[in-house]
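Each chain, letter by letter, is given below.
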Amino acid sequence: MKYLKIFAVLYWILSLTACANLGSIRDYAKASDDLTSGTEIVTRWKNSDIELNKDNPIIDSKPGLRRSPATQQKADAAASELYKVHDALAQYFSALTLLAADDIPSTQKQGENLSNAIKDLDPKFGDPEQKAFKAIVGLLSIPLEAYRQKAVIKLIKSQDDNVDKLLSLLERSSDIIEKDLKAESNQSTAPYYTLLGDVKDPGIRFLVSERMISIQSANYQPLFTAITKYKKALSNIRDSHKKIGESVASGKDELKQTLSELKVAIEQIIAARKAVKAALN
Amino acid sequence: MSMDDLQKSNQTADDLDEQATRLNIYISDPSIAKQDRESATQRQLELRQHAADLRVEAILLTVGGGALSTDQIIAAADKAKAVANKINEIKKSLDLAAATIAFFAALSSKDIGKILSTWDTFKPLIDTNN
Chain A
1 MKYLKIFAVL YWILSLTACA NLGSIRDYAK ASDDLTSGTE IVTRWKNSDI ELNKDNPIID
61 SKPGLRRSPA TQQKADAAAS ELYKVHDALA QYFSALTLLA ADDIPSTQKQ GENLSNAIKD
121 LDPKFGDPEQ KAFKAIVGLL SIPLEAYRQK AVIKLIKSQD DNVDKLLSLL ERSSDIIEKD
181 LKAESNQSTA PYYTLLGDVK DPGIRFLVSE RMISIQSANY QPLFTAITKY KKALSNIRDS
241 HKKIGESVAS GKDELKQTLS ELKVAIEQII AARKAVKAAL N
Chain B
282 MSMDDLQKSN QTADDLDEQA TRLNIYISDP SIAKQDRESA TQRQLELRQH AADLRVEAIL
342 LTVGGGALST DQIIAAADKA KAVANKINEI KKSLDLAAAT IAFFAALSSK DIGKILSTWD
402 TFKPLIDTNN
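Here the protein sequences line up with chains A and B, keeping their order.
In case it helps, the working numbering puts the first sequence at residues 1 to 281.
In case it helps, the working numbering puts the second sequence at residues 282 to 411.
Accuracy of the hints is not assured; some may be wrong.
Said to hold, decoys possible - Which residues of chain B face chain A? A few of them, derived with a C-beta cut under 7 Å, are:
id: 1; residue: D298
id: 2; residue: N305
id: 3; residue: I308
id: 4; residue: Q316
id: 5; residue: Q330
id: 6; residue: I340
id: 7; residue: T351
id: 8; residue: I355
id: 9; residue: A356
id: 10; residue: A357
id: 11; residue: A358
id: 12; residue: I368
id: 13; residue: K372
id: 14; residue: K373
id: 15; residue: A379
id: 16; residue: A386
What the hints assert, rightly or not - Some chain A residues flagged as far from chain B (calculated, every beta-carbon gap over 10 Å):
id: 17; residue: P57
id: 18; residue: I59
id: 19; residue: S68
id: 20; residue: K84
id: 21; residue: N113
id: 22; residue: L114
id: 23; residue: P128
id: 24; residue: Y220
id: 25; residue: Q221
id: 26; residue: K242
id: 27; residue: Q257
id: 28; residue: S260
id: 29; residue: I270
id: 30; residue: A275
id: 31; residue: L280
id: 32; residue: N281
Hints in this document: simulated from the structure, not taken from any laboratory.
Fair warning: this is a prediction, and the values are worked out from it, not measured in the lab.
Using N, Cα and C, we set each Cβ at its ideal position, and we do this for glycine too.
Pulled out of the complex, with its shape left as it was, chain A reads as follows (with noise of 0.2 Å):
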């Protein structure tokens, strides 16, 4: 009796330490995978010429088409790869996440369902017997935590230059749809400009110059500000990784401290996830 509850105290303590650990990774891991499987972004550039060309309220002419249809199968073709990419990110960062989940090792249901199963088979086995053969088989998560802890940062190490890479692709992709979106903008206001050359009378033209074309320009804004916030998680998402498959090989202080570290990265992260939601659904 004495040495199983050693043994279950022993197990309590120790799963507690090993599951610790994985939490703000589970964490980062989980933000990661809900920002690189969002492709909002790239389908808005995509379909760029259409909404440029919606209609407008305010005006009839359209400022026109700026992808030939040859451009537009490029672009159609560039966003498939774009998409494949932050599927390839999202299915990475989301098997992270399942690893990390703090109820893949534990095995206190089991322990508890095979106990109560005992204890109906036969009456004799009381109190005393089920805790100490719940604790026994808890003991089994020990080894499956040591495990799912190797796994994980297995995965990390030897993916932190693929996920380097990718995510650096994403970025300088995204530099190139930022500008492109402004170019957009810049487009989409030259009915205003066009409607200007054909009036002389002042206040209508302080009436479009000032409201009409500032209003057409603040409509974009929002996913200006959405892409801004976006392209810093995915730095973010970079950086963050590449610290903690530094401090794995550092050893378990430097790794403790890069997990409290991430905290902030995590907010940021889940920030822009939803300026993203917000500007594009």
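Chain A is already provided as a structure; the job is to place chain B on it using the hints.
What follows is chain B alone, placed relative to chain A:
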């Protein structure tokens, strides 16, 4: 196209957009003949089309270098999921053991209600373990 060429191409696209924006002064000036303003409007769109074409090419080129990493990272994610599955398999064996014992306990009690309810838990576990 090299990275250098890519940078130059992006710069050219920026310059073209800037030129297009500068034409707004001309397009919006009523003192300029309508025909000239229309030509400027057309020119503005052409400049922006050229810039858009360069940027699409630049994205295609940028994303083209990621195919190998994409495959590798998906393979690694699959392996990680397999590890999680292995852990779950072990837990499933314990679930099966618990359900088996519970079912035999119900059989020995000869309580039909208990037998049926434990069978409901036991059967799906046998099915998934097969």
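- prompt: Minimum Cβ distance from T351 of chain B to chain A below 7 Å?
  reply: holds, 4 Å
message: Please check whether I355 of chain B passes as an interface residue: C-beta within 7 Å of a C-beta belonging to chain A.
response: holds, 5 Å
task: Hey, is N281 of chain A genuinely clear of chain B, shortest beta carbon separation above 10 Å?
output: holds, 23 Å
message: Let's test the interface hint: is any C-beta of chain A closer than 7 Å to that of K372 of chain B?
response: Nearest chain A Cβ about 6 Å off; hint holds.
- prompt: Are all beta-carbon distances from L280 of chain A to chain B longer than 10 Å?
  reply: Non-interface label on L280 of chain A holds, nearest chain B Cβ at 18 Å vs cutoff 10 Å.
query: Can we trust that P57 of chain A is non-interface, i.e. its beta-carbon lies farther than 10 Å from all of chain B?
result: About 22 Å separates P57 of chain A from the closest Cβ of chain B, which puts it past 10 Å; holds.
query: Against chain A, is D298 of chain B within 7 Å by beta-carbon distance?
result: Holds, about 5 Å.
field: When the least beta-carbon distance from Q330 of chain B to chain A is tested against 7 Å, hint result
entry: Hint holds; Q330 of chain B Cβ to chain A Cβ min 5 Å, cut 7 Å.
message: Verify this label for me: A275 of chain A is non-interface relative to chain B, using a Cβ-Cβ cutoff of 10 Å.
response: holds, 22 Å
message: If we take the beta carbon of K84 of chain A, is the closest beta carbon in chain B still more than 10 Å away?
response: Given a closest Cβ separation of 6 Å, the condition is violated.
task: Just double-check L114 of chain A for me: nearest Cβ-Cβ distance to chain B has to come out over 10 Å.
output: Non-interface label fails for L114 of chain A: nearest chain B Cβ at 4 Å, not farther than 10 Å.
message: Quick check on the hint: A357 of chain B CB to chain A CB, less than 7 Å?
response: holds, 5 Å
Hint compliance for this structure: hints 4, 9, 14, 19, 20, 21 and 22 are not met, and every other hint is.
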